[in-house]
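Please assemble the complex out of the two chains, which come individually in their own frames, going by the hints.
From first to last, the protein sequence lines are chains A and B.
Residue 59 in our numbering is what sits at position 59 of the first sequence, and the numbering runs on without skipping anything.
Position in the second sequence (first residue = 1) + 333 = our numbering.
By construction, these hints were calculated from the structure, which means they are not laboratory data.
A portion of the hints provided could be inaccurate.
Said to hold, decoys possible - Computed list of lysine-lysine pairs in PhoX-like fashion (alpha-carbon distance at most 25 Å, straight line):
no., chain 1, residue 1, chain 2, residue 2
1, B, Lys-465, A, Lys-192
2, B, Lys-465, A, Lys-188
3, B, Lys-465, A, Lys-196
To be verified - Anything over 12 Å on all C-beta distances counts as not near chain A; from chain B, calculated:
no., residue
4, Pro-345
5, Arg-756
6, Arg-762
Being a predicted model, the structure only gives us computed values, none of them experimental.
Ideal Cβ placement from N, Cα and C applies to all residues, glycine included.
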Amino acid sequence: MKLIGALAVLAAALAATGCGGGSDGPLTIYSGREEELVAPLFEMFTEETGIEVEVRYGDSAELAATIAEEGGNSPADLFWAQDPGSLGSVESQLVELPEEILDRVDTRFRDTEGRWVGTSGRSRVIVYNTDALSEDEVPDSVFDLTDPKWKGRIGIAPTNASFQAFVTAMRLAEGDEKTRQWLLDLKKNDPKEYEKNTPIVEAAAAGEIDVGLVNHYYLYLVKEEQPDAPIANHFLAPGDPGALVSVAGAAVLASSDQEDDAERFVEFLLSDEAQRFYVDEAEEAEYPLVEGIEPKEGLPPLEELEGPDVDLTSFGAEHEATIELLRETGYLT
Amino acid sequence: MSRGAGTRAPLPLVLAAGIVVGALLLPLAYLVIRVAGSGRALEILGESSTWRLVWNTVLLAIGVVTASVLIGVPLAWLVTRTDLPARRVWSAAGALPLVIPSYVAAFCLLGFFGERGLLSDALGVEDLPQIKGYWGSLLALTLATYSYVFLLTQAALRDLDPSLEEAARGLGVSGRRAFARVIAPALRPAVGLGALLVALYTLSDFGVVSLMNYDTLTRAIYVQYKSLFDRAPASVLALVLVALTAVALVIEYRTRQRGRLYRTSPGVPRPQPTVLLGHWKAPALAFCAAVVGLFLVLPAGVLSYWLARGIASEREFEAPFSEALHSLGASGLAAGAAVLAALPVALLALRYPSRTSRMLERLSYAGNALPGLVIALSLVFFAARYASPVYQTLALLVFAYVVRFFPQGLSGVESALERVSPRYEEASRGLGRGPMQTLALVTVPLVRSGVLAGAALVFLSAMKELPATLLLRPIGFDTLATEIWKLTQVGAYSRAALPALVLIAVSAPVLYLISSSHRFESGGSG
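Pulled out of the complex, with its shape left as it was, chain B reads as follows (with noise of 0.2 Å):
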């Protein structure tokens, strides 16, 4: 199936893997550092209280991850093969809650169905159902997350090879048959990066989970950092959410090696064939409309509610110019520099299997569960020891993103490498092109749409990335997640909220105009 382990991968493609890997590894030397000082490891680790933390955190990723395939997975399909009206704008709404920072995700939830929210003030009832606690924190970061499971299996139908259809259709198998045994094997490892990115996600996330007031393990580390003289505890538990990435990267990879399907036909993708969906319209456009409703209309509505009270009570307004520039500067560095990264990795990973290049990707993935937080302290710790000039700079906070939103950009471009053949490049090596020409000519071009999809997922984390902004960006840095942070932290809702709308308003361009460049590459030469 796959190239031959024989064959040994050139040099400069491993050291810069390497290199990748090892700077991505950063946070956890620092943990190491951190938990090796003190002998209360073990201690901890035998504490009750540890081991109830782990179980609500597991609890709570395994229903995130299954609220955002059961969502994710068929607006993906109906987007993008079906003749469901509207679906490009169907498909940026999709994607736009993942711009929407979790905490202000759960504030909007907590503003509308909460006790005395919105909701119990239209209908006039005060005992609604709470949703605080694990469904407030499931909802609000299925809302936050799902877009990722959406982003990568929509990229993964549109890179679909139609032959394989269409083969299974020439030998008499239905249309339902069809995708059960040919898409959805096809589309496992997509859907199968996406549930991680999720889950990833989940464990990471603090902004949610505090608001809920539902206890995980990121909390009780942000609450451990608060209790100030010993670092060694959060630092235990912050192992304890490696060790869980652990496990979530092992189902990942058993998923992925169940099917591998590769594109047979010629390089220039070919449209896909579109399904009727008869009298399913109804119902197809009632499941958007719900989600699109529940995880976008809701929030942005919540948010201009409270924008138009500040400007009924007359509050000052500042337009957040310069804030919306550094955001959209610093995430656009992010997202380049990191699929630039991902590439030596996934290429190591997928082209030139060998239990290293595997090892190497793997353990990319490591700090990807840990908290912003951490991530940030542990390149203080770094940085200000050992990189002095860089430290707080531009380049340091870039840099703090691809450590932490790496795998998202990883995810993209292999996913999409999962599609290609590796026979394209084998024919290019044959022409005599070296592997370095190949990479740029023939398998860098034929994944594109999977690196725009891993920059995408990657831009538009960074820019609602909240901790590891607020520690290194350089001095007077804003952006409009900490100027949404500066505000809610006053209680400024209603000030809070514009920022809140233009980091939406803002980030969908750049989703349309990702969507707009792939149509013009496959639907332009079909």
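Bound conformation, chain A alone (with noise of 0.2 Å):
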């Protein structure tokens, strides 16, 4: 009975540091984008507007399989996610944003129904390491990577969305058949496989592989960790899939009863201010999407980076054709 005392005083304790799930007043976020990258543009948002905000983190497609659950119950008033996929797959529950919130981005960069909006864009592409190989030996196509002299050189996240969104990419652009082909001629070279970005960055500066296939802004965490690490980033030819341009994204759930506040955070995101966090603030360097502000010095421009012709809206309805078809070419069990 002493036991249930304790714990009596123990929940009491807990429940008094201030942590209580209510449905009304602060506006609740759930952001599948990291914490360590975005928790400055939260505060920011709450100084300029006097809304609080509460926000809960997470794996962006854990957290839209969380919303799928909660159905019309779910909490959450917006989803900020890492990835196109991930917001696809809730569109059921997304309300339409007001034009002129949409128009601050290029229509590449948002769904075509309006029902979500890029807050900032990365690239595609190949990050090598500096003590391997010059610059110009690195290949300007995806398709070069097929070559038998990158025999166990190369490094691939394919459980990870973002592999998996260049492969969708490629189906898109290319067709299925030649990225099937692709896919089977790139494990002839014995790719090496990786949970995620991070670690193929980190393998490559170790030296463990000398080229790999990632999204452009790992290279600058990496290098927040190790300064000195002998890589570097090469953006592919215009046009080829591996230079994919894809974009975090916002959108305000249906459910929400509190969609002015929501649609007001959105604004902010793609305020002049907010987009400009990803050039002076942030450690990773990712593309402000809206128009007239610069990416960080050593990018190239947004306009010049020209992936596939692919509309990422349909991004996450082909998403599960490409999970067969990585899982066919033994990518994938």
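See below:
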């Protein structure tokens, strides 16, 4: 019985530390974007608007699954995800955003139905070890990576959403057959498989691999940890599927009872001030999407980045076919 | 041997056990709902890739269980029954790896043994054998789980009635044969339960197999969940995990049936006879040092190295003070709640054995091999729909921990209860006490060390729990595990090392308290 008493005291003490779940009051945001990277933006928003926010951080796909399971009872007002696929998977639970918000970014970086909008951009690149290779030795197309000379030197992350989105882009731009062939040919080169982008960049830094298929901004995170790491990004030729430009994006949930505040937050994310955050403050150098704001020094301008001609809106719906293809070709079980 | 099956269980006990087990079956109900909505179940079961996953998963579980028993049982015997120097230290160090989240263990092992890791740097060679895949997963999961076997075996050895062994020795049986004939059979239920927990943990683990790049059912379930639209395939694979759990339960049940020994001497435990190691002392010490070195010093060393590297490059550190309090608080609540919930289930199964009571007890394990993500989503599903006031509150988080780790609490209570003869309870009843009074005044005090061991297991597991914590915690309720996740997510290992070390450090005193409270109990009165 002493045990029960102790438990009751402990429960009361924890409850008093201030952690209740209420439906109204602060704006509730589910963020698949990492706390380490975006937390200052939430503070800026509250400072500017006086609207308090509560943020649940998690993996984008897991949060999408959570929103789907919550259905109409979701406490979330807003979903800010790492990739168009996660947003697309809950599109039936999202509201259409107002024109003036959507028009802040180019049509290629938003949902065709206006249910989500890109908030920052990232380009697929080849990260390479600068001790092992000079930049002109790094291929300009992912199709060159099937050359036998790259055997055992390539790093990929087939279970990661960003690699899967790149395969989706290849399927949409080049067709399923060509993609299947590329996957099979690449497999013959024994690519090393990693859990996600960061370990690939680290492996390139350690010389474990010479080239890796990643998003461009992970380089900056690894450099933060190891400033002298011998690594650099190589941007691929325009139109190559390996040059896909994707976005992190935000959406407002239909079940929200604070739609106006939620829209204000999306508006804020696309304000000059918040967009400049990616250039001036953030460690990881993502691309701002609003016109007139140049990316961090050393990055090629967004207009010059031409990925394959594909519609990000369809990535959610195409995802399953991509998974199937990766399974058939032995990248996933 | 046990109480006659004719005795009827008191109704409050049956009700309590029924409610507990009903709650534990929520994840299963969720999976059935998800699969029932789709016609693809049979198709997925027919695919050869599914069976390859099953094979990989079973192979890994067998490997980890074998390694854990081979390490956990000898270690438990050495620190409990011999004159090994510094037994208390080895004892705490043997249990501590349980708080190292398995994904952190995998990070550390890769950072040390991996290609271009610390070891190859130090040796100046590049072509060390790879530790990824099966063997890497085996090593990391053994690190994360052998302590289940160790702790349960240790508790069993402590509670063992010395008169059994004395009787055997009195009959002229040698020490070694007494071990084989008397101690080993008496330990079998505890070792079996420990092995079961190891198997279930291995089946459910995602962190290690993902980092080590080894394909198991759980890894496939995660990949399926990320393919977003159709949640049925993931649910089918999860049900396959439940089926594997059933197999593990049958095996465990068989081992348990083979031997049952109760304490027969008076209720106060007497000090155990100590085995003098003699010239075996050096090898015994070497064994303990090797186990603790590989499974505790190595990961803690790698973490310290990362931390030092971060301090040298002047990264900013924040002491994870509130995170530590949150972890301790939520895990403490979970530990208490889990053993309270385990008591009626264990009592019913062992003191009123019947088909129903045994079925209830076995059912309580059903969801334990499920990945944390599946358990979390099932609770999201039910709580958001039918219990929105508790959704994303501390209460639901603690409930999720209990659902995930219930069998660990149960194992402690049961293995203790198995060694207490029902005769004490019968005597109490004969003296006119009611069943509930007997429970509170006789049974619970007798199984106290087992209850503590069970609570400790739940506590340590909850301290490191991540997937359910991420989805179900109250907003802003950061724990040490979520802090580690937050930092490793952006590759900031030097900063993630601090909360990981704090996790180990704050758990150590808890383990120490548990072992010293036991010493007071048994040593003080002997």
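So, going through the hints one by one against the coordinates:
no., hint, verdict
1, B:Lys-465 - A:Lys-192, "holds (11 Å)"
2, B:Lys-465 - A:Lys-188, "holds (20 Å)"
3, B:Lys-465 - A:Lys-196, "holds (15 Å)"
4, Pro-345, "holds (15 Å)"
5, Arg-756, "holds (25 Å)"
6, Arg-762, "holds (21 Å)"
Hint compliance for this structure: every hint is met.
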